[in-house]
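> Chain by chain, the residues run as shown.
Protein chains: 2
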Amino acid sequence: MEEMEANQFREFGKAMIDYTAEYLENIRDRRVVPTVEPGYLRPLIPDSAPDKPEKWEDVLKDVERVIMPGVTHWHSPRFHAYFPTANSYPAIVADILSGAIACIGFSWIASPACTELEVVMLDWLGKALGLPEEFLASSGGKGGGVIQGTASEATLVALLGAKAKAIAKAKKDYPQMKESEIIDKLVGYTSSQSHSSVERAGLLGGVKLRSIQPDESNRLRGEAVEKAIKEDREAGLIPFYCVATLGTTSSCTFDRLDEIGPVCNGNNVWLHVDAAYAGSAFICPEFRYLMKGIERADSFNFNPHKWLLVNFDCSAMWLKDPSWLVNAFNVDPLYLQHAQQGSAPDYRHWQIPLGRRFRSLKLWFVLRLYGIETLQAHIRKHIALAHYFEKLMRTDHRFEITEEVIMGLVCFRLVGPNETNEVLLKKINGRGLIHLVPSKIRDTYFLRLAICSRYTEERDIDVSWKEVKEAADEVLSEIKQ
Amino acid sequence: MEEMEANQFREFGKAMIDYTAEYLENIRDRRVVPTVEPGYLRPLIPDSAPDKPEKWEDVLKDVERVIMPGVTHWHSPRFHAYFPTANSYPAIVADILSGAIACIGFSWIASPACTELEVVMLDWLGKALGLPEEFLASSGGKGGGVIQGTASEATLVALLGAKAKAIAKAKKDYPQMKESEIIDKLVGYTSSQSHSSVERAGLLGGVKLRSIQPDESNRLRGEAVEKAIKEDREAGLIPFYCVATLGTTSSCTFDRLDEIGPVCNGNNVWLHVDAAYAGSAFICPEFRYLMKGIERADSFNFNPHKWLLVNFDCSAMWLKDPSWLVNAFNVDPLYLQHAQQGSAPDYRHWQIPLGRRFRSLKLWFVLRLYGIETLQAHIRKHIALAHYFEKLMRTDHRFEITEEVIMGLVCFRLVGPNETNEVLLKKINGRGLIHLVPSKIRDTYFLRLAICSRYTEERDIDVSWKEVKEAADEVLSEIKQ
Numbered sequence: 001m002e003e004m005e006a007n008q009f010r011e012f013g014k015a016m017i018d019y020t021a022e023y024l025e026n027i028r029d030r031r032v033v034p035t036v037e038p039g040y041l042r043p044l045i046p047d048s049a050p051d052k053p054e055k056w057e058d059v060l061k062d063v064e065r066v067i068m069p070g071v072t073h074w075h076s077p078r079f080h081a082y083f084p085t086a087n088s089y090p091a092i093v094a095d096i097l098s099g100a101i102a103c104i105g106f107s108w109i110a111s112p113a114c115t116e117l118e119v120v121m122l123d124w125l126g127k128a129l130g131l132p133e134e135f136l137a138s139s140g141g142k143g144g145g146v147i148q149g150t151a152s153e154a155t156l157v158a159l160l161g162a163k164a165k166a167i168a169k170a171k172k173d174y175p176q177m178k179e180s181e182i183i184d185k186l187v188g189y190t191s192s193q194s195h196s197s198v199e200r201a202g203l204l205g206g207v208k209l210r211s212i213q214p215d216e217s218n219r220l221r222g223e224a225v226e227k228a229i230k231e232d233r234e235a236g237l238i239p240f241y242c243v244a245t246l247g248t249t250s251s252c253t254f255d256r257l258d259e260i261g262p263v264c265n266g267n268n269v270w271l272h273v274d275a276a277y278a279g280s281a282f283i284c285p286e287f288r289y290l291m292k293g294i295e296r297a298d299s300f301n302f303n304p305h306k307w308l309l310v311n312f313d314c315s316a317m318w319l320k321d322p323s324w325l326v327n328a329f330n331v332d333p334l335y336l337q338h339a340q341q342g343s344a345p346d347y348r349h350w351q352i353p354l355g356r357r358f359r360s361l362k363l364w365f366v367l368r369l370y371g372i373e374t375l376q377a378h379i380r381k382h383i384a385l386a387h388y389f390e391k392l393m394r395t396d397h398r399f400e401i402t403e404e405v406i407m408g409l410v411c412f413r414l415v416g417p418n419e420t421n422e423v424l425l426k427k428i429n430g431r432g433l434i435h436l437v438p439s440k441i442r443d444t445y446f447l448r449l450a451i452c453s454r455y456t457e458e459r460d461i462d463v464s465w466k467e468v469k470e471a472a473d474e475v476l477s478e479i480k481q
Numbered sequence: 001m002e003e004m005e006a007n008q009f010r011e012f013g014k015a016m017i018d019y020t021a022e023y024l025e026n027i028r029d030r031r032v033v034p035t036v037e038p039g040y041l042r043p044l045i046p047d048s049a050p051d052k053p054e055k056w057e058d059v060l061k062d063v064e065r066v067i068m069p070g071v072t073h074w075h076s077p078r079f080h081a082y083f084p085t086a087n088s089y090p091a092i093v094a095d096i097l098s099g100a101i102a103c104i105g106f107s108w109i110a111s112p113a114c115t116e117l118e119v120v121m122l123d124w125l126g127k128a129l130g131l132p133e134e135f136l137a138s139s140g141g142k143g144g145g146v147i148q149g150t151a152s153e154a155t156l157v158a159l160l161g162a163k164a165k166a167i168a169k170a171k172k173d174y175p176q177m178k179e180s181e182i183i184d185k186l187v188g189y190t191s192s193q194s195h196s197s198v199e200r201a202g203l204l205g206g207v208k209l210r211s212i213q214p215d216e217s218n219r220l221r222g223e224a225v226e227k228a229i230k231e232d233r234e235a236g237l238i239p240f241y242c243v244a245t246l247g248t249t250s251s252c253t254f255d256r257l258d259e260i261g262p263v264c265n266g267n268n269v270w271l272h273v274d275a276a277y278a279g280s281a282f283i284c285p286e287f288r289y290l291m292k293g294i295e296r297a298d299s300f301n302f303n304p305h306k307w308l309l310v311n312f313d314c315s316a317m318w319l320k321d322p323s324w325l326v327n328a329f330n331v332d333p334l335y336l337q338h339a340q341q342g343s344a345p346d347y348r349h350w351q352i353p354l355g356r357r358f359r360s361l362k363l364w365f366v367l368r369l370y371g372i373e374t375l376q377a378h379i380r381k382h383i384a385l386a387h388y389f390e391k392l393m394r395t396d397h398r399f400e401i402t403e404e405v406i407m408g409l410v411c412f413r414l415v416g417p418n419e420t421n422e423v424l425l426k427k428i429n430g431r432g433l434i435h436l437v438p439s440k441i442r443d444t445y446f447l448r449l450a451i452c453s454r455y456t457e458e459r460d461i462d463v464s465w466k467e468v469k470e471a472a473d474e475v476l477s478e479i480k481q
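Taken in order, these protein sequences are the chains called B and W. Using my numbering, read the first sequence as starting at 1 and increasing by one per residue. Using my numbering, read the second sequence as starting at 1 and increasing by one per residue.
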């Protein structure tokens with residue numbers, strides 16, 4: 001076979017390492033959002049795969065010709081959309097090793113190192129965040145952590161665990177009730193400000209999720225959850241699950257975990273904490289006040305692949321009692337059984353898919369090659385840059401900052417109607433130098449500027465601010481005309 | 001910050017490329033399954049993450065000290081367990097690029113290249129397999145492909161699409177029926193030989209899945225499905241979903257798609273085809289007779305990450321009408337909307353998670369750097385090696401081959417009771433030279449020998465056969481004593 005052999009791989013792999021370094025070190029120079037139209041790519045390449053092997057040099061050349069014109073550069077300092085997604089050199093190298101070993105760690109025996117490094121890395125990470133002992137495998141209790149693909153999956157997995165637990169309890173409490181009737185009575189709670197994936201988890205899990213209005217500061221409060229639970233109980237429903245968000249997607253606000261926790265605990269409601277973005281900040285002790293009450297939670301999740309320099313996918317989830325999950329999903333054919341079952345986790349029972357990559361290598365490499373102090377510095381720098389943008393904007397009274405800046409996100413708008421701000425966003429994204437996305441809370445439309453890149457410096461924020469200001473100048477002068 | 005900078009990355013990355021080549025080229029020399037006990041890893045590393053950055057040289061050293069002693073080497077020619085998982089040099093290099101770009105392709109605008117290359121690569125792949133036009137985006141119809149993480153997710157996603165479609169129809173047919181009553185009446189079908197993830201999809205999706213007995217050759221037949229559907233209709237249930245397997249996990253048998261298809265089509269039952277392992281073989285025209293009737297399916301899935309040299313995760317799924325999925329899961333917050341919505345797929349609606357990596361790069365690199373002919377040669381070689389093992393075994397009348405060898409799997413046992421074969425498997429795995437897992441069909445326990453590694457040659461099969469024979473000698477002589 002004329003396939004790529006080891007020597008060609010050494011050449012191609014090293015050329016790609018160099019390409020990666022070049023790409024990332026000079027990413028500031030690329031247009032952040034491409035100008036291509038839907039369908040741009042198909043005419044650039046053949047209609048079907050080649051019969052014969054091509055040269056790696058030709059494939060590498062096509063990266064600039066075919067791919068890069070259509071890439072939105074998430075790691076450019078000019079990218080301020082959504083939330084950050086992580087990218088770091090240590091994680092990229094770890095993924096090469098993961099690809100080399102290429103084991104499928106669905107059970108302990110399928111590659112013991114894959115399971116065991118994950119158990120210990122989730123302990124390292126949990127300790128670095130100051131999570132309560134009960135969540136850690138090192139405590140010797142039931143608790144422990146697992147790497148999920150995304151926060152969406154963690155929310156769904158927690159919901160399914162909560163559902164299994166609630167069904168088991170209801171079957172005891174109401175032995176005459178059919179399971180479908182029980183499921184029909186289950187109701188979960190979340191804030192109207194929680195991530196879209198929470199609503200989706202309810203759809204996927206086939207249970208009602210009630211959307212509760214947060215307070216005027218956009219925080220879900222204990223009293224509101226308690227009131228909803230009481231109403232639902234009186235209506236004959238079975239409250240079973242609640243998602244609290246630490247750092248919402250729209251505006252990075254923090255639900256009042258310290259109030260919600262006791263309400264959930266007192267009502268047999270599984271409390272899941274979604275800290276997808278902001279959770280990384282708890283690596284800095286000065287931000288842990290924002291997770292006050294975490295000891296009341298049943299499950300906690302955040303994404304090192306967002307803000308802790310571990311490339312996607314690496315969503316860290318801890319559970320106090322994973323047995324509800326394990327038992328809910330336990331389908332155990334002979335070909336997956338092994339002699340050591342029970343003495344180490346078989347992570348396939350903790351997740352939706354069966355297969356799983358060796359993702360804990362990324363955590364190990366990142367934690368060791370940066371060290372906690374560098375990771376703390378990364379978080380602090382992003383937050384300082386958000387405050388720097390805030391400071392610049394506060395000098396211009398045409399703008400209002402719509403939400404307290406706590407993490408690396410600034411929510412703002414031009415004082416005035418939504419329409420002006422919609423035009424402003426279009427203008428900014430149309431100019432193409434920086435990229436933002438909008439959001440809306442209680443009919444107020446605003447723009448979100450997230451600090452995303454690990455390359456972002458004050459001078460980049462100066463550029464972004466200048467760009468926002470100039471776009472505003474244009475918009476406002478057009479309105480006057 | 002003392003973090004890893006570009007120059008160190010160039011050194012470390014290239015060292016890891018060399019390590020990868022060394023590891024894979026010499027993998028034959030490593031013990032296939034480790035001898036470690038559960039808990040082996042924790043004492044080898046510190047209790048918590050370091051505060052200060054470590055040197056990359058020290059991290060690389062620890063790969064041999066900490067990780068390798070606990071690795072099950074899935075790419076060793078001595079590994080015959082489960083089914084193969086793919087590993088190739090082109091895919092590893094593509095993943096470096098994917099890590100460098102590190103976009104999150106949840107919508108078209110989030111990185112147009114990420115979505116568009118995936119659309120076209122699924123067309124390339126679908127054409128290479130000879131899938132009907134209706135499944136391809138290039139046909140200009142509704143159909144198209146998507147990369148899922150695993151076949152488990154594809155099965156679940158298809159089930160959820162089928163469920164949404166069935167609920168919509170039932171609401172029209174029985175306007176007085178509550179949704180929970182409809183769901184309670186839904187019933188799906190699959191063979192008792194289908195993968196454990198199918199049963200799990202039913203659990204996760206909250207619907208009944210009926211397990212149907214296959215024929216004496218372990219194939220699900222049209223008549224049996226028809227009978228079950230008829231019975232269930234008479235009992236007032238609503239048949240909605242059927243999973244047919246091409247290449248079962250236990251014994252790599254093929255359900256009779258040509259019979260099942262018309263039955264499903266005639267009964268408004270969504271037919272999903274799970275060809276997770278064997279689907280790769282359809283790249284060779286001579287094996288396409290095994291997917292006769294594929295034009296009747298609503299969705300089709302196989303894993304290039306199993307047998308087509310694309311590293312995990314890359315599970316290819318095609319749907320004739322993805323709109324049922326898209327509408328079922330469509331939660332569309334402002335921060336994810338964009339101006340080009342509708343003119344290109346937003347793949348977040350096609351899957352369980354929100355986030356997604358740039359995985360189509362792996363497909364592109366593999367298809368170009370191997371070419372179709374090399375991939376065909378890879379499949380044919382594995383199948384030939386399975387037949388070679390079969391031939392060797394047929395010379396020894398102590399053994400029986402329990403299933404027709406069609407792909408790269410040989411199912412066998414010592415003539416005699418199950419217990420002897422359980423002892424045989426323990427003996428083989430205990431000797432540690434090769435690794436197998438067992439299965440059981442209708443109370444007959446047997447051993448599975450899968451050809452997994454792309455490094456496997458006839459001389460490796462000679463070693464494996466010698467090992468099986470010697471283990472059998474030992475077992476049978478122990479029994480006589």
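FYI, nobody ran anything at the bench for these hints, they're computed from the structure. We put the CB at the ideal spot given by N, CA and C, even for glycine. Be careful, since some hints might not be right.
[As the list claims (entries may be wrong)] BS3-like, lysine-lysine: derived pairs with alpha carbons at most 27 Å apart:
(1) B:K208 <-> W:K208
(2) W:K127 <-> B:K61
(3) B:K171 <-> B:K127
(4) B:K178 <-> W:K172
(5) W:K169 <-> B:K178
[As the list claims (entries may be wrong)] Estimated spans, in silico, between C-beta atoms of each pair:
(6) B:A377 <-> W:V463: 30 to 38 Å
(7) W:R442 <-> B:D258: 22 to 30 Å
(8) B:E404 <-> W:P50: 31 to 39 Å
(9) B:M68 <-> W:K230: 51 to 59 Å
(10) B:V36 <-> W:E54: 29 to 37 Å
(11) B:E179 <-> W:D173: 50 to 58 Å
(12) B:Q213 <-> W:P132: 44 to 52 Å
(13) B:E223 <-> W:P132: 39 to 47 Å
(14) W:E11 <-> B:P69: 27 to 35 Å
(15) B:K227 <-> W:G39: 46 to 54 Å
(16) W:D173 <-> B:Q213: 16 to 24 Å
[To be verified] Covered stretches of chain B, going by a simulated chain W footprint (3 or more residues, C-beta under 8 Å):
(17) 201-213
(18) 328-340
(19) 383-396
(20) 404-410
(21) 414-425
(22) 456-468
> All hints are to be evaluated individually against the structure, with a verdict given for each.
Taking the hints in turn, this is what the structure says about them:
1. Of the supplied pair hints, the one linking K208 of chain B and K208 of chain W holds, its CA atoms being roughly 20 Å apart against a limit of 27 Å.
2. For the suggested pair K127 of chain W and K61 of chain B, the alpha carbons sit about 25 Å apart, so the restraint of at most 27 Å is met.
3. Restraint check for K171 of chain B and K127 of chain B: not satisfied, since their Cα atoms lie roughly 37 Å apart, outside the 27 Å limit.
4. Of the pairs offered as hints, the one joining K178 of chain B and K172 of chain W holds, with about 25 Å between alpha carbons and a cut-off of 27 Å not exceeded.
5. Our distance criterion of 27 Å between C-alpha atoms is met by K169 of chain W and K178 of chain B, whose separation comes to about 25 Å.
6. Separated by about 53 Å at the C-beta atoms, A377 of chain B and V463 of chain W break the suggested range of 30 to 38 Å.
7. The hinted range of 22 to 30 Å is not satisfied by R442 of chain W and D258 of chain B, whose Cβ atoms lie roughly 57 Å apart.
8. Against the hinted window of 31 to 39 Å, the Cβ-Cβ separation of E404 of chain B and P50 of chain W comes to about 34 Å, which satisfies the hint.
9. Separation of M68 of chain B from K230 of chain W is about 57 Å and conforms to the stated range, judged on CB atoms against 51 to 59 Å.
10. Between V36 of chain B and E54 of chain W the C-beta distance comes to about 42 Å, which lies outside the given range of 29 to 37 Å.
11. At roughly 24 Å, the beta carbons of E179 of chain B and D173 of chain W sit outside the given window of 50 to 58 Å.
12. Distance hint check for Q213 of chain B and P132 of chain W: the Cβ-Cβ separation is about 50 Å, which falls inside the suggested range of 44 to 52 Å.
13. Between E223 of chain B and P132 of chain W the C-beta distance comes to about 58 Å, which lies outside the given range of 39 to 47 Å.
14. At about 31 Å, the CB distance of E11 of chain W to P69 of chain B agrees with the hint of 27 to 35 Å.
15. Taken as a hint, the range 46 to 54 Å holds for the pair K227 of chain B and G39 of chain W, whose Cβ atoms sit roughly 47 Å apart.
16. For D173 of chain W paired with Q213 of chain B, a C-beta distance near 37 Å fails the hint of 16 to 24 Å.
17. Counting residues of the segment 201-213 of chain B whose C-beta sits closer than 8 Å to any C-beta of chain W gives 4, which meets the bar of three, so the coverage hint holds.
18. Against chain W, the segment 328-340 of chain B contributes 9 residues with a C-beta closer than 8 Å to a partner C-beta. That satisfies the three-residue criterion, and the hint holds.
19. Counting residues of the segment 383-396 of chain B whose beta-carbon sits less than 8 Å from any beta-carbon of chain W gives 0, not enough to reach three: the coverage restraint is violated.
20. Remark: the segment 404-410 of chain B is not confirmed as covered by chain W, as 0 of its residues place a Cβ nearer than 8 Å to a Cβ of that chain, below the required three.
21. With a threshold of 8 Å between beta carbons, the proposed coverage of the segment 414-425 of chain B by chain W is violated, since 0 of its residues qualify and at least three are required.
22. A stretch counts as covered by a chain when three or more of its residues have a beta carbon under 8 Å from one of that chain; for the segment 456-468 of chain B and chain W the count is 0, and the coverage is violated.
The structure fails hints 3, 6, 7, 10, 11, 13, 16, 19, 20, 21, 22 (numbered hints given earlier, in ascending order).
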